[in-house]
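S.K.: Sequence:
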Amino acid sequence: MKKHLYLLSALLFIATYAKAQIVYDYPDSQKPIREFTINYRQNITNDPVFKSVNYPGYVKSASKTKLTGKEKIENKPWFVGKYSISGGAFFPINNTQIQVGNSAGTIGTVIDFEDDLNLSKNTQTFLIGGDIHLGRRSKMELVYYRFHRNSSATLDKEIHFGDSIYPVNASVKGFFNSDIYRFAYGYAFISNPKVEAGLSFGLHIIDTEVGLQGIGVNRGFDASKDFGLTAPLPDFGIWGGYAISKRWAISGEFDYFSLKIGNVKGRILGGNFFVKYKAIDRLIINAGYTGFNFKVDAEKNNKVGFLKWGYNGPSISVNYLLGTLGKGPM
1307 MKKHLYLLSA LLFIATYAKA QIVYDYPDSQ KPIREFTINY RQNITNDPVF
1357 KSVNYPGYVK SASKTKLTGK EKIENKPWFV GKYSISGGAF FPINNTQIQV
1407 GNSAGTIGTV IDFEDDLNLS KNTQTFLIGG DIHLGRRSKM ELVYYRFHRN
1457 SSATLDKEIH FGDSIYPVNA SVKGFFNSDI YRFAYGYAFI SNPKVEAGLS
1507 FGLHIIDTEV GLQGIGVNRG FDASKDFGLT APLPDFGIWG GYAISKRWAI
1557 SGEFDYFSLK IGNVKGRILG GNFFVKYKAI DRLIINAGYT GFNFKVDAEK
1607 NNKVGFLKWG YNGPSISVNY LLGTLGKGPM
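Each residue of the sequence shown is one higher than the one before, starting from 1307 at the first, in our numbering.
Hints are supplied without guarantee of correctness; some may be wrong.
Said to hold, decoys possible - Estimated spans, in silico, between C-beta atoms of each pair:
{"no.": "1", "residue 1": "Ile1556", "residue 2": "Met1636", "range": "16 to 24 Å"}
{"no.": "2", "residue 1": "Asp1418", "residue 2": "Phe1579", "range": "34 to 42 Å"}
{"no.": "3", "residue 1": "Ile1399", "residue 2": "Lys1372", "range": "48 to 56 Å"}
{"no.": "4", "residue 1": "Asn1424", "residue 2": "Leu1373", "range": "53 to 61 Å"}
{"no.": "5", "residue 1": "Thr1374", "residue 2": "Lys1427", "range": "48 to 56 Å"}
{"no.": "6", "residue 1": "Phe1495", "residue 2": "Thr1460", "range": "50 to 58 Å"}
Unchecked claim - Derived lysine-lysine pairs resembling DSSO-like cross-links, with alpha carbons at most 30 Å apart:
{"no.": "7", "residue 1": "Lys1571", "residue 2": "Lys1601"}
{"no.": "8", "residue 1": "Lys1372", "residue 2": "Lys1552"}
{"no.": "9", "residue 1": "Lys1388", "residue 2": "Lys1571"}
{"no.": "10", "residue 1": "Lys1571", "residue 2": "Lys1378"}
{"no.": "11", "residue 1": "Lys1552", "residue 2": "Lys1584"}
Simulated from the structure, these hints should not be mistaken for laboratory data.
Note that the structure is a prediction, hence the values are computed from the model and not measured.
Heads up, the beta-carbon is just placed ideally off N, CA and C, and yes, glycines get one too.
Build out the structure end to end from the sequences listed, making use of the hints.
M.R.: Quick look at the structure:
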């Protein structure tokens, strides 16, 4: 009996040891099993039936699909289109000061056009613009503003403007004409179906002409004098828009820069905020507030000029979107 037990024990030990060798003798014993598993997975995952079914717990490997230009725009908020044109009315409150020295280098009188020459602080003007989205993150924008004002007044102080002197009680006409072109490039660091926001670099080209014209040349002063300048002023800014719902959104922008180029030194501070409403597909109504303030020191024909101007006020405009449209929020 003992012999049989010893023999059985020996057989069990040999069988157990042999099994352990088959399972744990890595890597030789595992190699056939691993090869079988790999081949089996490759065969089954290449099967069309397997590809058409989502199996729980199994993650299929796939290469990243590159978005088309159309899909990049569609993945933005609804107020974004491939192309956009805009136009509207602007109702700013103006504050304008200018100083023009003479050819000898003498400093001129600081003239407040609203207080000294009776130019209206409250004006109405128009704005037009457009933009194009170059891809998922880049866009370019162009905006034009026009400000042309004139008035007449009887001076209550002596004014030195350029090489002319306008005495007290002189009757004069004053004008302030400015055309502003703004070109900007924007890059969106955040771009998804609800939010688009980023940084911008732009250029304000300010074409300004101001002047005084005497009424009655027999008063002993020069009848007409004007001073014009064209100042290209760069600016940096932040901008963004947020889709509150499928019809309402808000957007805003803030710009600032200070720079001296040759004989022109300028500083810009500006910003805007808008509430947007999608009236119908592709047509958006914007109501908001815009502020823009700049200061320019310039020298022209040996005359030193100083211009400080700010316009701030409400505006209402419409945007019409062309091409592919954003579909967010989805």
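S.K.: Confirm or reject each hint.
M.R.: Hints and how they fare:
A beta carbon spacing of about 19 Å between isoleucine 1556 and methionine 1636 agrees with the range 16 to 24 Å that was offered as a hint. Taking 34 to 42 Å as the suggested C-beta distance range, the pair aspartate 1418 and phenylalanine 1579 does not conform, at roughly 28 Å. In this structure, isoleucine 1399 and lysine 1372 meet the distance hint of 48 to 56 Å, their C-beta atoms being roughly 50 Å apart. Taken as a hint, the range 53 to 61 Å holds for the pair asparagine 1424 and leucine 1373, whose Cβ atoms sit roughly 58 Å apart.
Hint check: threonine 1374 to lysine 1427, Cβ distance near 51 Å, so the stated range 48 to 56 Å holds. Separated by about 56 Å at the C-beta atoms, phenylalanine 1495 and threonine 1460 satisfy the suggested range of 50 to 58 Å. Between the alpha carbons of lysine 1571 and lysine 1601 the distance comes to roughly 8 Å, so the proposed pair stays at or under 30 Å and holds. Between lysine 1372 and lysine 1552 the CA atoms are separated by roughly 27 Å; this keeps the pair inside 30 Å, and the hint holds.
Between lysine 1388 and lysine 1571, the direct Cα distance comes to roughly 36 Å. Violation of the 30 Å bound is thereby established for this hinted pair. As the CA atoms of lysine 1571 and lysine 1378 are separated by approximately 40 Å, the hinted pair breaks the 30 Å bound. Taking the CA atoms of lysine 1552 and lysine 1584, the gap is near 8 Å; set against the 30 Å cutoff, the hint holds.
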